[in-house]
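4 protein chains.
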Amino acid sequence: MTVRAAVAGASGYAGGELLRLLLAHPQVEIGALTGNSNAGQRLGTLQPHLLPLADRVLEPTTTEVLAGHDVVFLALPHGQSAAVAEQLGPEVLVVDMGADFRLKDPADWEKFYGSPHAGTWPYGLPELPGARAALEGSKRVAVPGCYPTAVSLALFPAYAASLAEPEAVIVAASGTSGAGKAPKAHLLGSEVMGSMTPYGVGGGHRHTPEMSQNLSAAAGEKVSVSFTPTLAPMPRGILATCTAKAKPGVTAESVRAAYEKAYADEPFVHLLPEGQWPATASVYGSNAVQVQVAYDEAAGRIIAISAIDNLTKGTAGGAVQSMNLALGLDESTGLTTIGVAP
Amino acid sequence: MTVRAAVAGASGYAGGELLRLLLAHPQVEIGALTGNSNAGQRLGTLQPHLLPLADRVLEPTTTEVLAGHDVVFLALPHGQSAAVAEQLGPEVLVVDMGADFRLKDPADWEKFYGSPHAGTWPYGLPELPGARAALEGSKRVAVPGCYPTAVSLALFPAYAASLAEPEAVIVAASGTSGAGKAPKAHLLGSEVMGSMTPYGVGGGHRHTPEMSQNLSAAAGEKVSVSFTPTLAPMPRGILATCTAKAKPGVTAESVRAAYEKAYADEPFVHLLPEGQWPATASVYGSNAVQVQVAYDEAAGRIIAISAIDNLTKGTAGGAVQSMNLALGLDESTGLTTIGVAP
Amino acid sequence: MTVRAAVAGASGYAGGELLRLLLAHPQVEIGALTGNSNAGQRLGTLQPHLLPLADRVLEPTTTEVLAGHDVVFLALPHGQSAAVAEQLGPEVLVVDMGADFRLKDPADWEKFYGSPHAGTWPYGLPELPGARAALEGSKRVAVPGCYPTAVSLALFPAYAASLAEPEAVIVAASGTSGAGKAPKAHLLGSEVMGSMTPYGVGGGHRHTPEMSQNLSAAAGEKVSVSFTPTLAPMPRGILATCTAKAKPGVTAESVRAAYEKAYADEPFVHLLPEGQWPATASVYGSNAVQVQVAYDEAAGRIIAISAIDNLTKGTAGGAVQSMNLALGLDESTGLTTIGVAP
Amino acid sequence: MTVRAAVAGASGYAGGELLRLLLAHPQVEIGALTGNSNAGQRLGTLQPHLLPLADRVLEPTTTEVLAGHDVVFLALPHGQSAAVAEQLGPEVLVVDMGADFRLKDPADWEKFYGSPHAGTWPYGLPELPGARAALEGSKRVAVPGCYPTAVSLALFPAYAASLAEPEAVIVAASGTSGAGKAPKAHLLGSEVMGSMTPYGVGGGHRHTPEMSQNLSAAAGEKVSVSFTPTLAPMPRGILATCTAKAKPGVTAESVRAAYEKAYADEPFVHLLPEGQWPATASVYGSNAVQVQVAYDEAAGRIIAISAIDNLTKGTAGGAVQSMNLALGLDESTGLTTIGVAP
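Protein chains in written order, with full-length UniProt numbering: chain Y, 1 to 342; chain V, 1 to 342; chain P, 1 to 342; chain H, 1 to 342.
Just chain Y, with the same shape it has in the complex (with noise of 0.2 angstroms):
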């Protein structure tokens, strides 16, 4: 089977990543590639590291550019996925990687995005509860946010396994590539080399309750999440600290319990050896998860860290592999658990 999946949103790190991988894919042929802004413009001046696509022209997103493909990418800004989406037909594969289609609750999205609530898709992590099987063989696909992948695969076992009480305190570092290409000033190098910062704190970032949402569903209770992002000196990669405090009658035991339970046939989680700290620059462009975990007796809590590639896993990988298990392919076609490093 060959499928044909267009990309809309082909100059942006999103739509790049999603390319790299797709063309390393063996049952997928890329066709059409869209952009707005940069319509016209050669992808070897967009995308200079794919160099099979250097040739390639970027189109208009239209939706006559868009028909007659198997699958379609909306690597697109938030809220626009849904004019698009419903002018492809039902038989098409959407996957969305904006969050349009991610929450469940009306009130969360337009509390934290202000616009009316275009609906819910199934939700492209597979590794949560019934995640897979309501992606298998679905024709819409929401990918989650990179925030909100790094804290539900550290988490969602300690709440799953009902060990932590319901208030999550959650500290995350990412690479700026997180932040997008349109140019910003306090996105230059100049600014972000040398510097850590955070940013949306005190509740306000738009992946706070997608990540409640995914922990509430595990814990079969409402958990409140206190989310702090920081901006960290790289260009890719996600390092999620993930804190509750431990139920009483918990020990180091149950926890490392929970979690090998959780992730002995996941292909892309990997549970660290006790010890071993999760690097981001481990899971460097690759669609693996590096989890570890911590009971810290004295302080009464479980500490749940998490490293991605907030490009891959994070968006396009988790996008790909979502695709996988919508098209009835393998999960991890096309996908690899290696990472380039140093």
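For the record, the hints were derived by calculation from the structure and aren't laboratory data.
Please read all numbers here as calculations on a predicted model, not as lab measurements.
A few of these clues could be false.
Note that identical chains are pooled: a pair holds if it fits in a single copy or bridges any two copies.
[To be verified] Listed next, the in silico DMTMM-like pairs over lysine to aspartate or glutamate satisfying Cα-Cα at most 20 angstroms (straight line): (1) K261 <-> D55; (2) K222 <-> E297; (3) K245 <-> E167; (4) K222 <-> D105; (5) K111 <-> E297; (6) K104 <-> E221.
Take the given structure of chain Y and dock chains V, P and H to it, following the hints.
The following block gives chains V, P and H in isolation, referenced to the frame of chain Y:
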């Protein structure tokens, strides 16, 4: 007044930063510079950024060499300061940049360092309640750890004003100079560039009891600390993200007011205007501390964040600030609040 | 003596670095600070590392605002300085950090900048033969470009001593702050971290004629320059690798002797001991220049290498050094040779 | 066909990169992995990015361990390969990633390495004239040095087309992984981040005769090389800026034509469109080479610039490419021209 200062341990990062600051101090004359394995080497080789001292040669760390100074700074490995300090007379100001004399509770020391406790000296963080008075005229100073400096200044106002529950959750990112100059494979540039990774997770980091000691003193009750340090791809800087559950009745206004009161007259701590967040680049090479605080009403938590230069305010700058107080000089002499950015 | 200084263009990197230095200058009082698009904004927002000036507000760049100062620094886009300078009286010291008054040959200016030549002012690189005398008492100063500073100091001693053939080949690596603060996609942190890339290859960089002008003056004959600048993943610093074929009879000793002679009494240029090589980290934030030279007998070439901080000695430090000379102050006032490292 | 490959020296950067590539090679089965001081350790500890091999344990580098493979890769310190290779039968393909068999002239070897010359094997840079044919079916391959790979591919077309005078001037910037994984103080992250510094200046770098050998062969006359390597603050990548005086009659068109001809059919070398310049980020983790060339008429020089990943095309990718040729496989098997960016 001119004081003559010796530096024991002048080849490492702490010693080098101290010399950088002492060279700019109008009332300090730099005396003996010592090392151990590096004794006999030119400082121009070991610290090529200290041009005015390029032709100085390191001497061995002996009582004879250190004798005859008004101030002796000890930048030695943990556990070595007590023996050296004993040999220096009570009229000499000894400023210990190691951990030996920071902790009050011998049990804490023994648990985290595994050796007999050497004692407790006045604590070189003048911004803490009561600390400044204890430093004035003292002949012994224990310079705080870099993480406890960042964390205590971020969080003590909340505890001093009884706004926070006594369970702090802290995640801090540090530049690599905090790990020292001894060559280790995991600290190679190839390993750290592009990578974020935690260490000492689960309560094991030696700075944990020092943070708890400071916050407990401010709170008037025992404050437990969950502390996760992470290594960030930058040479200098600590960004400490510190959160605690708010006590009942806390509001954004009461939190802000507590911080404004705490830092109204501090020369080195800068509470940022609302909406602006600390960045380590802004305090690069300076003794300034940037602090900001938010109240996340949905999560019910106070989030206080600080940025320092781990080598300046976090080590050598704190040492000079304390020396100034101990000698009766203006506290800011020789120190700057201006960072080197971008 | 206290001089009152205005800075036109205080929101950019050059202006920010200048303010950092002026704040430490004992005889300067900082007067008006101006910007264009940023007029009306707090400096604490634009330059958060300059804490003592955080509450200053930028004014528009007008003759009225700049009037009444002893010194006016112009950190303006190329081509704008002449109009502003004309409005300032001949008794005001005007220090232009742009390119407008650096070149002597109008044909060079017109070829590389495409506009009419505004004139030539005394050149602010006191280490060049004759330059110091021309600066003393001058009311107009043209601060050199950052690359010409690094390259001229690396190579002029070889030309002044008639050791090198008049064809210089130069490859220099610059930190990203040299490209300024205006947001452009190729300067994003995501793009520059982990990447080295050249630009302006083949003779097109505007600093090329300025280098040729300086080296030709030293040589007493026209020196052609092949110059390739590269962008390096660091915020600051220039490492200039400069080579030229040795004239007949040159030896390693004669090369060394020429450099020792040239820099025997220079306060800011440090000829390193043999075997030690310049590093940009060693001059971070300092006005020092590290220089080293070798004679490659097999290839018959002299290789001279310099490291500077592009914003300090390469721009704002050079400006202050020249101001000191123009005002009759000690040349080193307010400047340091101590770098911030590691 | 499946070949069984052993890797001697699997714990270092070259060995790790080789394993990353071999894991993706459809016709390679990974056999013995050896180390010396690291024998007995898990690969998951030493190379945490190679998840599929995490549970493999390093064996000692002995003849017994290396026996029974179709291919043996040697990633050993210089000087150790000959002894190991001798023990392996002539039917085994031995690919040496060290320097031992690269140089043809024993005098060059002895001058730069100080030990007796072991011999010369077919040279693993297929893009050079005649090299591909020599590799096909060979049982011994000497993988080029990383700098000679970048430099030879940048410059040989100019020499092959008789466009350049036989004196090349080369300045190259390398990521830190080129310096290996053995911990040394000057390679610490604290030292390299934010710094550019040269080393081996003046003709002393061991890759110099290898470059000269390659360029001389292309030119048909002895080409002298002035080579200055610099260490750049990035983990991977080489940017080589290579210039030579143009021979009389050379034009921009004749230069361009020579490069277009040289690289018209090369699968891994990408001559960029005019106006676009190589960037190491674009070839991160890929076997591609970006090349661009300009003719500076004013200076009379050709400037050819290449970007490679020092660990991929510069070492392990070149090794796999050569293995493919030696085994009669498609040259590109298991290799990619797609970089991991940003």
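Quick rundown of the hints versus the structure:
1. K261 <-> D55: Result: close only across copies, 19 angstroms inter versus 47 angstroms intra.
2. K222 <-> E297: between (25 angstroms within a copy, 16 angstroms between copies)
3. K245 <-> E167: The answer is both: 7 angstroms in one copy and 10 angstroms across copies each meet 20 angstroms.
4. K222 <-> D105: within (13 angstroms within a copy, 40 angstroms between copies)
5. K111 <-> E297: Result: close only across copies, 14 angstroms inter versus 37 angstroms intra.
6. K104 <-> E221: Within one copy only: 15 angstroms inside, 42 angstroms across.
Every hint from the earlier list agrees with this structure, and none is contradicted.
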